[in-house]
Every structure is written in structure tokens, then in C-alpha cells.
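Sequence order for the protein chains is A and B. The numbering used here puts the first residue of the first sequence at 1, with every later residue one more than the last. The numbering used here puts the first residue of the second sequence at 1, with every later residue one more than the last.
Hints listed in this document are in silico derivations from the structure and should not be mistaken for laboratory results. One thing to keep in mind: the hints can contain errors.
Each pair may be met inside one copy or between any two copies, as identical chains are not told apart.
As the list claims (entries may be wrong) - Here are the simulated DSS-like pairs of lysine-lysine, each with C-alpha atoms no more than 25 Å apart in a straight line: (1) K140 - K27; (2) K4 - K27; (3) K90 - K31; (4) K64 - K27.
Number of protein chains: 2
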Amino acid sequence: MPFKSDTYKNLLIALRQILKVTASQSKRLAKETGLSTAQFITMQTIESNSPVSAGTLARELNLKQATMTAVLIRLEERGLITRTRDASDKRRVLVSLTNEGSAMLEAAPTALQNRIEDRFAALENWEQHQLLASIQRVVKLMDAEDPEAAPLLEFGNLSTTATIVQANTADEQEAWDSPS
Amino acid sequence: MPFKSDTYKNLLIALRQILKVTASQSKRLAKETGLSTAQFITMQTIESNSPVSAGTLARELNLKQATMTAVLIRLEERGLITRTRDASDKRRVLVSLTNEGSAMLEAAPTALQNRIEDRFAALENWEQHQLLASIQRVVKLMDAEDPEAAPLLEFGNLSTTATIVQANTADEQEAWDSPS
DNA sequence: TATTTTGTTTTGTTTTTCTAATTTTTTAAA
DNA sequence: TTTAAAAAATTAGAAAAACAAAACAAAATA
Chain A
1 MPFKSDTYKN LLIALRQILK VTASQSKRLA KETGLSTAQF ITMQTIESNS PVSAGTLARE
61 LNLKQATMTA VLIRLEERGL ITRTRDASDK RRVLVSLTNE GSAMLEAAPT ALQNRIEDRF
121 AALENWEQHQ LLASIQRVVK LMDAEDPEAA PLLEFGNLST TATIVQANTA DEQEAWDSPS
Chain B
1 MPFKSDTYKN LLIALRQILK VTASQSKRLA KETGLSTAQF ITMQTIESNS PVSAGTLARE
61 LNLKQATMTA VLIRLEERGL ITRTRDASDK RRVLVSLTNE GSAMLEAAPT ALQNRIEDRF
121 AALENWEQHQ LLASIQRVVK LMDAEDPEAA PLLEFGNLST TATIVQANTA DEQEAWDSPS
């Protein structure tokens with residue numbers, strides 16, 4: 001039986017708490033938009049990756065293609081997304097948000113997220129970067145070990161959102177300019 | 001529309017990655033134990049809180065009581081848990097793992113988690129504490145804002161597992177002894 | 001060309017998840 | 001104390017999620 005330090009246990013507890021809050025948030029937002037949780041999360045993932053193939057979505061969300069197809073069909077029936085065959089590879093189905101779908105996500109009440117963001121923004125710049133570096137370090141600890149996470153290159157439409165900052169050990173950290 | 005700094009965007013990306021890896025892990029373990037994901041996560045939560053009431057479990061997992069009941073019934077049918085009325089409050093149903101249930105969790109392949117733990121253990125002591133402090137700081141950012149997370153007191157059976165370490169701002173940090 | 005691989009869908013089944021209503025027990029009020 | 005309200009769990013019923021297995025078409029490879 002492996003020895004677990006208190007520090008590690010507390011880390012797991014904290015991570016579980018993050019998981020819980022995040023799940024709770026998603027459910028609340030889903031409910032307020034009148035979607036199921038799976039549908040709402042799918043919408044969010046499409047938003048930041050559009051246009052994206054059904055298979056990529058399934059991989060991103062850790063679902064089987066069959067499950068993804070069912071969810072997408074329902075979203076399409078509601079007029080929130082479009083599914084079109086990729087012209088250059090007719091096996092693929094590309095998914096995008098409709099105007100209505102975008103509008104729905106825009107309208108989703110983000111008060112909670114905004115408060116979180118405001119709190120983060122209120123931190124000193126160096127501290128923001130330190131938090132980010134730490135989280136990315138945790139990602140690295142988990143990430144490199146997970147076979148299914150490995151092939152994932154970018155998450156999110158990076159070209160239009162953000163640049164991945166390499167996770168550094170804290171002793172490599174130096175002064176950082178505000179990136180934007 | 002709120003302004004999102006690159007640092008914040010990257011934080012969200014990293015958090016989503018953690019979410020993804022965690023979900024992937026749970027699904028894999030569930031599959032290997034022959035349970036559904038919901039059943040497996042329920043088993044884990046029972047393990048660290050046993051004995052625990054059905055309602056507490058539901059709150060912990062962000063599920064409705066009715067949903068929880070359904071999951072618990074299936075676990076009981078498989079002989080993995082027991083459900084007994086609380087003697088001091090006969091409305092409550094207390095849930096515990098059976099020997100078989102414990103054995104199943106013990107047998108769950110934890111190679112991945114162990115690798116993560118090993119990696120964490122390989123870090124310098126001060127760095128472990130810094131990571132923990134950072135994660136707990138993120139929890140605090142999210143946590144205090146979420147109405148449903150607020151009433152949560154302890155997560156996990158703290159008396160037998162770990163002591164909550166207060167999340168500090170980095171500039172309050174000092175040398176830490178190895179806690180165990 | 002034939003074969004294999006890849007991407008998606010279809011089919012069929014189990015499980016999850018919810019809402020609404022019901023039962024039992026506890027707590028609080030009159 | 002009796003009654004009313006609240007709390008904890010279950011039941012019933014229905015939509016959706018999730019999966020495996022099989023089928024299908026398109027693309028890549030031998």
C-alpha cells in the first residue's frame with residue numbers, strides 16, 4: 001500500500017473540491033439554459049473549437065462516438081448547431097454553432113464565473129502567474145501519465161484565445177510582463 | 001463583455017485539462033471494475049466518508065436524492081454496499097461498503113495514480129507545499145462564490161486522513177516541516 | 001485492386017438523471 | 001399534546017446519456 005503524505009492527501013482533497021464546484025456550476029448553467037449538462041458542455045466545447053469534427057468532440061469529452069452523435073442530433077434538432085460533411089474528407093462531420101446557439105451561450109448567466117475572474121484579476125500580477133504556473137505544473141504531473149490525454153495538442157482555439165505558457169518550476173520564474 | 005487576460009484564459013485551459021484527465025481516469029477505473037462511472041465514483045465517496053447518509057452523498061456528488069437512491073440500490077444489489085436505517089434518526093439511511101466492496105476498490109488498478117503520486121513525492125518539499133497552497137488558493141477563489149459548495153464542511157474523513165492546511169498567499173509562506 | 005483503417009451512424013440495452021408525488025420521521029408551533 | 005411544517009428517503013414515470021456491437025462509407029495503404 002503506497003504511502004500518502006498529508007500534503008498529497010490535501011492536494012487530492014483540493015482537486016476534488018475544484019471538481020465539485022465545476023460540476024455544480026455546469027449543472028446550474030445547463031439548467032438555466034434549458035439544456036442537459038451533457039448538451040451544455042458540448043455547446044461550450046464546440047464554441048471554443050468550432051468548427052470541430054464529431055470525433056474530436058467525443059475525444060475531448062471522453063465520450064464514445066455513438067454517444068456524441070446522439071447528443072449532437074438533439075442539439076441540431078433544437079437549432080443550436082449545424083452538422084455538415086467536411087468537403088475535403090467526407091467521412092468527417094463538422095459541427096458549428098448556429099447564431100441561435102451562440103446567442104444562447106452569450107445569454108448564459110456568467111455572474112459566478114465573472115466573480116471568480118474578478119477575484120483572480122484582483123490578485124497581484126506576479127501572483128496570478130504563480131498560480132497559473134502551479135496549476136500547469138499539476139497538469140503536467142497528471143497529464144504526461146495519461147495515455148488518453150497525451151495526443152491532445154491544443155485545448156481551445158488557441159490561435160484566437162490564449163497562448164500556452166509553459167509550466168515552470170517556481171525557481172525558474174522571473175518577472176513577467178502583463179501579457180495583454 | 002468582460003475582459004479576459006491571457007493568464008486567466010490559460011488558467012481555465014489548465015483547469016479544463018485537469019478535469020479531463022480526471023474524468024478519463026474515473027472512466028477507466030470504472031470500466032476495469034465493471035461498474036458504471038457513477039457507481040464507481042459513488043463507491044469512492046462512500047469509502048472516504050463511511051458511514052454516510054444517502055442525502056449527504058447526493059449533496060457531495062451534486063445529484064438529486066432520487067438519483068442517488070437508484071445508484072445505491074444497484075450497488076446494494078451487487079453486494080458492494082449496505083444500507084441501514086440510522087437508529088437515532090430513522091429518516092436517514094446510512095451507507096457503508098461491504099467487505100466485497102472494499103476489496104473491489106482495493107483491487108482497482110491504481111498504477112496511474114501511483115505514478116502521479118510518485119512524481120509529486122519526488123518534488124522538493126517546499127515545492128509540494130507551494131503547489132498545495134496554490135491549488136487551495138484556486139479553490140478559495142472558486143469556492144466562496146458557489147452557494148452549493150459553501151455548506152460543505154469537510155470533504156473526506158478528515159479525522160483519519162488529512163488535516164486541512166489553510167490556503168495562504170504566497171508571501172505569507174514560510175519554511176514548512178514535513179508533516180508526516 | 002484489394003485490404004485495412006478511419007469517421008460516423010444505427011441498433012439495442014442499461015444506467016443515469018430528473019421532476020413530481022408519497023411515506024415516514026423529526027422538529028416546531030399553537 | 002396535538003397539529004403543522006420540515007426533512008430524508010423512496011417510488012413512479014420519462015427523457016436522455018452512455019455504451020457495445022454491428023453496419024456503412026470514405027480514405028489510406030499494401
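message = I'd like to know which numbered hints this structure contradicts. Please list them from smallest to largest.
response = 3
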